[in-house]
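Visitor: These are the residues of each chain, in order.
Number of protein chains: 4
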Amino acid sequence: MNKQRLRAIIEGNIVSGIIQFLILASAVVFVLESDSEDPHAPHFILLDSVFFGLFSIEYILRVYIEPRKRDFIFSFYGIIDLLAILPSLFLVPGFRVLRILRFLRIFRIFKATRFILAVDRLTEALNEIRRELLALVILSLMLVYLAACGIHYFEREQQPEEFGTILDSMWWAIVTLTTVGYGDVYPITPGGKIFTALVTLVGVGLIAIPSGLLASVLTEARVERKIEAESEANVDNESTEGIDKQT
Amino acid sequence: MNKQRLRAIIEGNIVSGIIQFLILASAVVFVLESDSEDPHAPHFILLDSVFFGLFSIEYILRVYIEPRKRDFIFSFYGIIDLLAILPSLFLVPGFRVLRILRFLRIFRIFKATRFILAVDRLTEALNEIRRELLALVILSLMLVYLAACGIHYFEREQQPEEFGTILDSMWWAIVTLTTVGYGDVYPITPGGKIFTALVTLVGVGLIAIPSGLLASVLTEARVERKIEAESEANVDNESTEGIDKQT
Amino acid sequence: MNKQRLRAIIEGNIVSGIIQFLILASAVVFVLESDSEDPHAPHFILLDSVFFGLFSIEYILRVYIEPRKRDFIFSFYGIIDLLAILPSLFLVPGFRVLRILRFLRIFRIFKATRFILAVDRLTEALNEIRRELLALVILSLMLVYLAACGIHYFEREQQPEEFGTILDSMWWAIVTLTTVGYGDVYPITPGGKIFTALVTLVGVGLIAIPSGLLASVLTEARVERKIEAESEANVDNESTEGIDKQT
Amino acid sequence: MNKQRLRAIIEGNIVSGIIQFLILASAVVFVLESDSEDPHAPHFILLDSVFFGLFSIEYILRVYIEPRKRDFIFSFYGIIDLLAILPSLFLVPGFRVLRILRFLRIFRIFKATRFILAVDRLTEALNEIRRELLALVILSLMLVYLAACGIHYFEREQQPEEFGTILDSMWWAIVTLTTVGYGDVYPITPGGKIFTALVTLVGVGLIAIPSGLLASVLTEARVERKIEAESEANVDNESTEGIDKQT
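Protein chains in written order, with my numbering: chain V, 1 to 247; chain C, 1 to 247; chain P, 1 to 247; chain A, 1 to 247.
Next comes chain V alone, as it looks inside the complex (with noise of 0.2 Å):
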């Protein structure tokens, strides 16, 4: 069979529904495993085995039919059908050892971006504001860590089990700032409550930027497209009228 036969096969409706079968079926299956009482009954290894198997001949024909193979293997998609079918290695004789592994079979759902549709173009609007969101990281982190030294001072005396370290404070920073809110640590003292006020304040305006620079570089997206299709429009209007002008 010729290789671009094989390739609208393999990239076709049929096989892509059921690979994403497959993959949901994979993550149903191991949720099903990790919380049964025997996570090694022979019906899981039966159902690892198909998983395994049908990955391994997709991996294989992907790579048969892609021209660049050292391209494919390196690529994001290829790294990620490869760890779909690594974990189950240990089923293969000789390679039991590689049972300490099995749970990194969760990575297999990312097997499914591949066919979610728009991926691309959110992924494309992330990376174009990567500087700033990464700014927003370090900027988070430190807001964090203000904060767990902030709260640190106020409720540590008061409430040496929950805020007697900065770290310990940390994780109440994480909780607060990202508006979670679980209730296991808040602050008691005055004080505490009046820095945990500015500190909320100034968290919700931090949450409120990256939704503001997906939508600048979305707009922008769509607009630019908008402007020309209508330029291209205007061309052609353009062109009609020289060649009015000239008869």
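What the hints contain is simulated information worked out from the structure, not anything from laboratory work. Cβ atoms here follow ideal geometry from the backbone N, Cα and C, with glycine treated the same way. One thing to keep in mind: the hints can contain errors.
Here are the simulated lysine-lysine pairs, PhoX-like style, with alpha carbons at most 25 Å apart [stated by the list, open to error]:
1) C:Lys69 - C:Lys3
2) A:Lys226 - C:Lys226
3) C:Lys226 - V:Lys226
4) A:Lys226 - P:Lys226
Facing chain P, a subset of chain A residues (Cβ under 7 Å, in silico) [to be verified]:
5) Ile138
6) Thr176
7) Gly191
8) Lys193
9) Ala221
Since chain V is already given, all that's left is putting chains C, P and A on it; use the hints.
Guide: Leaving out everything else, chains C, P and A in the frame of chain V:
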């Protein structure tokens, strides 16, 4: 009476107002009935009969005035209008067995969307980004899955009740990633806390995406209308200019 | 003294600063008075008399300098300025009975909005999207209603105290959909937890809408100003060009 | 060595990398020192001396290479660089009394902002909307005040410990409006719960504003750059066109 006059009446302010009042009243009665000690009290049966009767008349009239009856019946509003009367059919002798479906009356509330201005513009915008939203939903489910697997790994020994299975851990993942944070389950091990910090960082970023997406599509729609209005004005100017030159 | 000079003084920096200080001081005194064991202590009566007197003078002067008195009295700021003095009328002998309305003094704080720059631009933007915001409020209330009905169905038997009625369940719905999540009420049944997952997914999406809407209308306003400024510049260029061609 | 070569070295990648490492190390040591049982252990004194020495050298060199020394010293980074060394002055004999200011070393972390790319673009955007942000902060404080007064009115009798005074109620207002929701304080009366529903509805709307504002100003900046780039391209086209017409 001819159909057009009837349509004018049904879609007029008075009848619309009455229907809106009936929808609201129906929801209030549903709550009172459910919360009452005797949901089958005569006054509830009476009120429900009234809603049943009036909504039935409304449905029949709407079908009657519609030229393309089949299209209306299978449209969103057609189905909603039918669903609004079906669960009360048990009031009719011979349909008592449908009593079990009475809770479906809660969907009557969807009849109200017909009267909310600007809902169309919102659904249009959401429709425009449906692929990105679907991608986000899938990515969110993947994050929930990975977060549940991770926290299960860190906390299962310390808190077997809450994190003993991946399925149980998913409850924590949802409550944490939506930043609801009830506080019924939270990590207590250092590893679990650090993992939570990483997961919430990603989660807060994920929550920022829909707002950014929506902003971009709504902005595009607005700017587009603006540019259209302007280019029309420009066309007018240019043609005037052209006339000036000709003279 | 003529009205224009008076207006210049009242709207000048010094008087504005004094009024702002009085508003802040009035709020602080209101808190101290409420939290005090003896809210009718002489110094509180004295301070309130001072605020009453000065705000009354301010109100009378603002009415006096206004050419269209009726318009001002029934404008937003006119009503706020009146509401700022009415609740202290009980200080005047013969109006003791108004004592019960003293808590209305909290609305004095709204007088401050007059001095906040950029509030106009925000209210203008909010006004532009008032229909969408109204639609969102109605949709949110519908979601609260549906969420409350659903969780009541799942949890009423396990937690009759918290979810025994739909009305009680609404408290849970509000606390959950706003992502506040106090943790006083939360689902414990598997069905209730899955339902919560679905509801919060929709809820988080709903919360993203106002920010997207606002972004679009604010962006449009900014881009519009930009384009206007530019097209003016273009007009200048073109007319210059035209002159060049004529010569 | 001449100043320009020195500047090239200081602002080069190697020295920048070392300084970044020192800032991070200084923060880690600060945490370890605070959390240690003996913060005055010799190795902490030694490490702090190293940071003190190196940051002092950095500061002196930065002042030295700057042509406008006064401008640098009173600039944001100048003050931060000075604050980074001052709290360790107690290490110098004769300045022992400054020991109390040691906690100010946490501000060393701000030195890192110099190295975060994209921070300038963010602060520029925030600067553009500083008036709106200030308005939002004031409006938020007003909402906290009104929410605290309201909940105090509804809950003071049922929960005198938590809502007995308006000041205490402010803690609830902040925790609720930021949607943190620890769960240490929450309303239990029907009136208080309805009031909370109203307040959180407004609060969630308020939180949406900064993200919308930021999106608009960032989008404007991006679109502006785009339009500039394009109009330059247009100018080129037109001039070429002009030449074509002349021939």
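Visitor: Each hint needs a verdict: does it hold in this structure or not?
Guide: Status of the hints after comparison with the structure:
1. C:Lys69 - C:Lys3: At roughly 13 Å apart (the allowed maximum being 25 Å), Lys3 of chain C and Lys69 of chain C satisfy the hint.
2. A:Lys226 - C:Lys226: holds (18 Å)
3. C:Lys226 - V:Lys226: Status holds; Cα separation ~13 Å.
4. A:Lys226 - P:Lys226: Roughly 13 Å separates the two Cα atoms, so the pair holds.
5. Ile138: holds (5 Å)
6. Thr176: holds (6 Å)
7. Gly191: Violated, about 12 Å.
8. Lys193: Interface hint status for Lys193 of chain A: holds (5 Å vs cutoff 7 Å).
9. Ala221: Given a least distance of 10 Å, the restraint on Ala221 of chain A is violated.
Against the hints set out earlier in the document, violations occur for numbers 7 and 9.
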